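My request is simple: use the sequences and hints to build the entire structure.
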Amino acid sequence: MKLTAPLIYGLVACILLVSAPHADHLPLWVSAMCAVLLGWRAFITYRGRPQPNRWMLLLVTVACVAAIGATYHTFFGRDVGVTLLILLASLKLLELKAVRDATVLIYLSCFIIITNFFYSQSISTALFMLFTLIVIMATWVNLQTGTLALKPRLRMAGILLLQAIPLSLLLFVLFPRIQGPLWGMPQDAYATSGLSDKMSPGSMGKLSLSDAVAFRVTFQGSAPPRDQLYWRGPVLWDFDGTTWTRGRNATLQAPTLTDVAQPISYTITLEPHNKNWLFALDMPSQISIPAEFAPDFQLLSKDTVRARIRYNVTSQRSYRANLEEPMPQMVRAFNFPREYNPLAQKVAQQWRATSQNDEEIVRTALTYFNRGGFEYTLEPPLLGKNSVDDFLFTTKKGFCEHYASSFVFLMRAAGVPARVVTGYQGGEFNDLGGYYILRQSDAHAWAEVWFRNRGWVRFDPTAAIAPARVERGLSAALNNNSALPFLSRTQSTWLINLRFNFDSITNQWNQWVLGYDTERQFAFLTRMGMEDITWQKLATNMLAGISLLVGIFTLFLLRRLRIKTTDEVQKTWLKTCLKLEKAGFPRLPHEGGMDYATRIANVRPDLRHDVLDLATRYTSLRYGNASMKNDLAAFQNASRRFKVRRAPTSQ
Amino acid sequence: MLKRFKKLFRNWAFRRTVETGTVVLNQRRIYIIPSRQGFVFAMVLGVMLLGDINYNLSLGYVLTFLLATTAGLTMLYAFRNLAQLEIHAGHVEPVFVGEPANFVFHFNNPSSLIRYQIHLHDDAEHETIFDLPAQCSTPISLAIPSTQRGWMDSERLSLYTHFPLGLFHAWTYIHFDVRCLVYPKPAIPQALPEASAQKGEGKTIATGDEDFSGLRNYVAGDAMPRIAWKALAREQGLQVKQFSAQQGHSLWLDWTLLPNIAQERKLELLTRWVLDADVQGLAYGLRLPDGVLEPQNTPAHRAECLRRLALFGMSEQ
Numbered sequence: 001m002k003l004t005a006p007l008i009y010g011l012v013a014c015i016l017l018v019s020a021p022h023a024d025h026l027p028l029w030v031s032a033m034c035a036v037l038l039g040w041r042a043f044i045t046y047r048g049r050p051q052p053n054r055w056m057l058l059l060v061t062v063a064c065v066a067a068i069g070a071t072y073h074t075f076f077g078r079d080v081g082v083t084l085l086i087l088l089a090s091l092k093l094l095e096l097k098a099v100r101d102a103t104v105l106i107y108l109s110c111f112i113i114i115t116n117f118f119y120s121q122s123i124s125t126a127l128f129m130l131f132t133l134i135v136i137m138a139t140w141v142n143l144q145t146g147t148l149a150l151k152p153r154l155r156m157a158g159i160l161l162l163q164a165i166p167l168s169l170l171l172f173v174l175f176p177r178i179q180g181p182l183w184g185m186p187q188d189a190y191a192t193s194g195l196s197d198k199m200s201p202g203s204m205g206k207l208s209l210s211d212a213v214a215f216r217v218t219f220q221g222s223a224p225p226r227d228q229l230y231w232r233g234p235v236l237w238d239f240d241g242t243t244w245t246r247g248r249n250a251t252l253q254a255p256t257l258t259d260v261a262q263p264i265s266y267t268i269t270l271e272p273h274n275k276n277w278l279f280a281l282d283m284p285s286q287i288s289i290p291a292e293f294a295p296d297f298q299l300l301s302k303d304t305v306r307a308r309i310r311y312n313v314t315s316q317r318s319y320r321a322n323l324e325e326p327m328p329q330m331v332r333a334f335n336f337p338r339e340y341n342p343l344a345q346k347v348a349q350q351w352r353a354t355s356q357n358d359e360e361i362v363r364t365a366l367t368y369f370n371r372g373g374f375e376y377t378l379e380p381p382l383l384g385k386n387s388v389d390d391f392l393f394t395t396k397k398g399f400c401e402h403y404a405s406s407f408v409f410l411m412r413a414a415g416v417p418a419r420v421v422t423g424y425q426g427g428e429f430n431d432l433g434g435y436y437i438l439r440q441s442d443a444h445a446w447a448e449v450w451f452r453n454r455g456w457v458r459f460d461p462t463a464a465i466a467p468a469r470v471e472r473g474l475s476a477a478l479n480n481n482s483a484l485p486f487l488s489r490t491q492s493t494w495l496i497n498l499r500f501n502f503d504s505i506t507n508q509w510n511q512w513v514l515g516y517d518t519e520r521q522f523a524f525l526t527r528m529g530m531e532d533i534t535w536q537k538l539a540t541n542m543l544a545g546i547s548l549l550v551g552i553f554t555l556f557l558l559r560r561l562r563i564k565t566t567d568e569v570q571k572t573w574l575k576t577c578l579k580l581e582k583a584g585f586p587r588l589p590h591e592g593g594m595d596y597a598t599r600i601a602n603v604r605p606d607l608r609h610d611v612l613d614l615a616t617r618y619t620s621l622r623y624g625n626a627s628m629k630n631d632l633a634a635f636q637n638a639s640r641r642f643k644v645r646r647a648p649t650s651q
Numbered sequence: 001m002l003k004r005f006k007k008l009f010r011n012w013a014f015r016r017t018v019e020t021g022t023v024v025l026n027q028r029r030i031y032i033i034p035s036r037q038g039f040v041f042a043m044v045l046g047v048m049l050l051g052d053i054n055y056n057l058s059l060g061y062v063l064t065f066l067l068a069t070t071a072g073l074t075m076l077y078a079f080r081n082l083a084q085l086e087i088h089a090g091h092v093e094p095v096f097v098g099e100p101a102n103f104v105f106h107f108n109n110p111s112s113l114i115r116y117q118i119h120l121h122d123d124a125e126h127e128t129i130f131d132l133p134a135q136c137s138t139p140i141s142l143a144i145p146s147t148q149r150g151w152m153d154s155e156r157l158s159l160y161t162h163f164p165l166g167l168f169h170a171w172t173y174i175h176f177d178v179r180c181l182v183y184p185k186p187a188i189p190q191a192l193p194e195a196s197a198q199k200g201e202g203k204t205i206a207t208g209d210e211d212f213s214g215l216r217n218y219v220a221g222d223a224m225p226r227i228a229w230k231a232l233a234r235e236q237g238l239q240v241k242q243f244s245a246q247q248g249h250s251l252w253l254d255w256t257l258l259p260n261i262a263q264e265r266k267l268e269l270l271t272r273w274v275l276d277a278d279v280q281g282l283a284y285g286l287r288l289p290d291g292v293l294e295p296q297n298t299p300a301h302r303a304e305c306l307r308r309l310a311l312f313g314m315s316e317q
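Protein sequence lines correspond, in order, to chains A and B.
Take the first sequence: its letter number 601 is residue 601 in our numbering, and every next letter is one higher.
Take the second sequence: its letter number 59 is residue 59 in our numbering, and every next letter is one higher.
Keep in mind that the hints were calculated from the coordinates and are not lab data.
Please read these numbers as outputs of a predicted model, since none were measured by experiment.
Just so you know, not all the hints are guaranteed correct.
As the list claims (entries may be wrong) - For each label pair, taking beta carbons as the anchor points, the in silico distance ranges come out as:
id: 1; chain 1: A; residue 1: K575; chain 2: B; residue 2: P34; range: 45 to 53 Å
id: 2; chain 1: A; residue 1: L59; chain 2: B; residue 2: P34; range: 37 to 45 Å
id: 3; chain 1: A; residue 1: G146; chain 2: B; residue 2: K230; range: 39 to 47 Å
id: 4; chain 1: A; residue 1: D101; chain 2: B; residue 2: E86; range: 32 to 40 Å
id: 5; chain 1: B; residue 1: N102; chain 2: A; residue 2: Q570; range: 30 to 38 Å
id: 6; chain 1: B; residue 1: P34; chain 2: A; residue 2: I165; range: 20 to 28 Å
id: 7; chain 1: A; residue 1: I505; chain 2: B; residue 2: E86; range: 47 to 55 Å
id: 8; chain 1: A; residue 1: Q536; chain 2: B; residue 2: E86; range: 40 to 48 Å
Quick reminder that beta carbons are idealized off the backbone N, C-alpha and C, glycines included.
The structure is reproduced here in structure tokens:
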């Protein structure tokens with residue numbers, strides 16, 4: 001097999017297809033370089049020119065590698081690896097010598113496909129992968145069939161892949177899933193977006209511009225009302241005047257819930273966010289995966305969430321949280337920077353002086369937010385050094401973080417223990433899939449206040465200004481939708497349906513294909529009737545399934561090898577003879593076709609034409625050397641039409 | 001050394017019978033092992049699977065399994081590419097030493113599948129590659145250079161395919177009872193010996209050259225000056241002028257009258273003379289130590305003379 005032009009075009013197409021999805025995260029110059037190299041290769045093949053000089057290629061290669069080093073400052077890690085792989089594959093195209101080089105490129109293309117899954121594993125990526133595979137296979141087949149045209153090769157590739165699908169499905173379902181990772185992963189393996197453990201003015205607002213899905217929730221039983229859907233994330237204690245942070249918990253004491261009631265169970269499928277906290281409704285009491293309950297009721301996973309995970313949580317909707325808060329934690333809940341926001345401190349002290357108890361202070365504050373002419377907006381004005389003062393008394397325009405932050409500041413200044421809680425609020429119900437979708441735009445911040453006999457109680461100052469935010473979502477609470485991400489705006493019904501359909505499919509895809517891990521595998525196999533699943537059992541089933549499918553395929557593939565023993569010509573002729581025999585003219589054993597026909601023609605002049613015609617066709621097909629398909633079909637037709645009419649009454 | 005072991009192993013592991021008639025390639029005759037590329041691809045798949053496990057790439061699993069299954073299925077394709085082929089050996093034309101012997105095999109493909117890229121080769125890597133269309137018989141010839149006169153055996157030939165992806169090597173051995181007669185290599189052109197001393201005639205050649213008796217089709221080895229260029233110009237094909245020799249002026253090619261040179265050289269010289277005399281239309285006889293062929297000028301006579309020379313000093317088998 002030689003390196004023909006169609007083969008080289010095929011290889012160019014392969015490399016182009018596998019590297020194209022990388023274009024949006026490769027440095028621009030790499031994409032440009034690859035395009036130039038591929039174009040160059042196609043051009044010299046088209047013009048029939050020799051490949052470039054070896055030294056020149058070496059020079060280009062060294063230059064490229066050096067440039068990559070300069071761009072990334074390292075040669076290790078995922079991004080650099082992918083970039084190097086793509087560049088070297090493109091360069092290899094320019095020095096093809098033997099068929100082996102082509103094989104290497106084919107293998108490389110298969111490998112580069114998989115690197116794209118670091119960045120995206122969506123349905124469209126999967127479909128694109130299938131398309132790419134067909135092109136790769138068609139090129140690969142070209143290595144072994146030489147002159148075969150593109151169309152039959154594409155057909156062959158398509159058939160090969162189609163036939164491989166059932167077996168690969170079986171492998172996918174039954175192949176034992178090992179909970180990775182097998183070795184330490186470079187941090188950069190995952191893209192991140194989502195809540196952080198810091199909150200400063202503007203941070204939540206920025207997040208609310210993103211449509212990205214944070215997690216999906218399926219409730220067992222009916223869902224609680226929307227205004228109770230507070231998905232608890234990082235709890236922020238420490239304030240430095242502008243930014244709230246988690247700080248360090250001063251105790252290791254596990255949190256306690258008393259007087260619990262109204263439990264609710266649900267399953268969360270959490271998108272990877274590269275942090276270790278998990279989300280749950282206030283207040284979680286049980287979780288299905290190994291996780292730690294932090295002293296402030298935060299759920300912390302043992303490992304960073306680097307892959308989509310699924311967990312079941314039971315939360316108590318009615319509770320008394322940490323009636324006994326340890327002293328060091330209490331100190332944190334009272335602490336605030338005294339050098340900032342003097343006005344706010346003064347107001348808080350007034351409230352303290354005029355109120356009977358802590359509850360009354362909280363009520364006063366909420367009333368203040370409600371009546372004080374505050375506005376809920378995504379585009380608040382910039383705040384100065386005394387951010388709380390500026391917000392409370394000057395601008396009066398803010399997003400949830402402004403309200404939560406100033407509320408907690410006021411509480412602490414008034415001597416009421418309080419803290420900020422961040423997370424998500426609400427969620428969008430997908431009718432088709434029966435689950436809630438929480439997007440980054442649902443990110444929210446609220447406050448918790450500690451009372452002597454009630455423990456930590458949730459207060460949402462945002463709800464005091466814009467109750468719609470909590471009851472109906474962000475778009476209902478904002479007057480002007482334009483700044484919101486497309487999916488968060490109120491939309492027409494059909495658009496919403498379309499969107500839900502699509503998200504429903506995506507969710508199924510995420511659950512069953514991308515999220516098919518050890519647990520899901522066990523659950524699925526148990527549902528399929530497999531009991532106490534062990535590795536041995538999986539292996540036996542896998543082998544049995546494979547043998548069965550391979551057996552079926554063998555029969556299927558080899559069926560066309562069967563030689564057709566029946567001779568169509570002979571069969572048709574025998575049928576004709578049978579018709580004549582029924583009419584009373586059996587063929588004598590010694591008679592040849594023509595003799596037989598002549599004999600009948602003499603006895604029955606009315607059949608003469610037909611019989612002689614059929615016999616002639618038969619003899620020419622059977623003994624002549626030109627046996628064409630058309631002739632056979634014509635013979636079969638004539639035979640079918642042939643009817644032995646009753647003999648004309650003799651006069 | 002390694003080659004010898006390889007051969008020994010193959011002789012031990014695979015049947016070594018010589019076939020006659022038609023051979024049908026059934027599952028007992030077709031062997032399959034992964035090719036070197038197949039092993040490399042398996043390694044690539046292994047690395048991919050490790051990546052899938054480590055990075056928990058579900059779509060990666062899908063890709064890996066899809067590729068692995070496809071690769072596995074190509075084993076069936078490789079088998080199918082050879083299965084049920086019917087092979088029988090065809091007629092082999094004699095050749096002169098140094099010319100390639102064309103062993104012809106008729107491959108009948110009774111199925112409705114096209115067979116792609118089948119390689120037929122011998123142990124010395126002489127190879128021919130071919131496709132077999134569906135439902136028809138195709139003659140395939142394998143050219144193996146001849147090195148010495150006498151009978152040349154085709155030896156055991158391998159028939160293999162790497163279709164469709166080159167991951168599997170499916171092969172079979174065919175060893176037919178077929179041999180090619182190899183004539184000695186004609187010596188460089190030399191003048192024919194004087195016509196038989198016994199008859200005392202010396203002018204045979206000259207007169208034989210003058211009496212033009214007609215044209216016949218060109219055969220390999222005919223002398224250039226005898227080609228009828230005019231006939232060629234009239235588009236009658238490549239023809240050779242034939243001259244009749246007069247009766248009784250027969251030429252004897254006599255072994256005993258040859259100069260004292262090595263036996264093989266003598267055979268080569270005689271071969272040259274047989275060819276030349278045949279072309280010139282002389283009636284020539286051959287006198288060898290082991291027999292005498294009376295003077296004649298017919299294609300059959302020429303063939304018999306060359307055969308005697310080819311097999312001189314050898315047993316007839």
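Quick rundown of the hints versus the structure:
| no. | hint | result |
| --- | --- | --- |
| 1 | A:K575 x B:P34: 45 to 53 Å | holds, 50 Å |
| 2 | A:L59 x B:P34: 37 to 45 Å | holds, 38 Å |
| 3 | A:G146 x B:K230: 39 to 47 Å | holds, 44 Å |
| 4 | A:D101 x B:E86: 32 to 40 Å | holds, 37 Å |
| 5 | B:N102 x A:Q570: 30 to 38 Å | holds, 37 Å |
| 6 | B:P34 x A:I165: 20 to 28 Å | holds, 22 Å |
| 7 | A:I505 x B:E86: 47 to 55 Å | holds, 53 Å |
| 8 | A:Q536 x B:E86: 40 to 48 Å | holds, 46 Å |
Checked against the numbered hints above, the structure breaks none of them.
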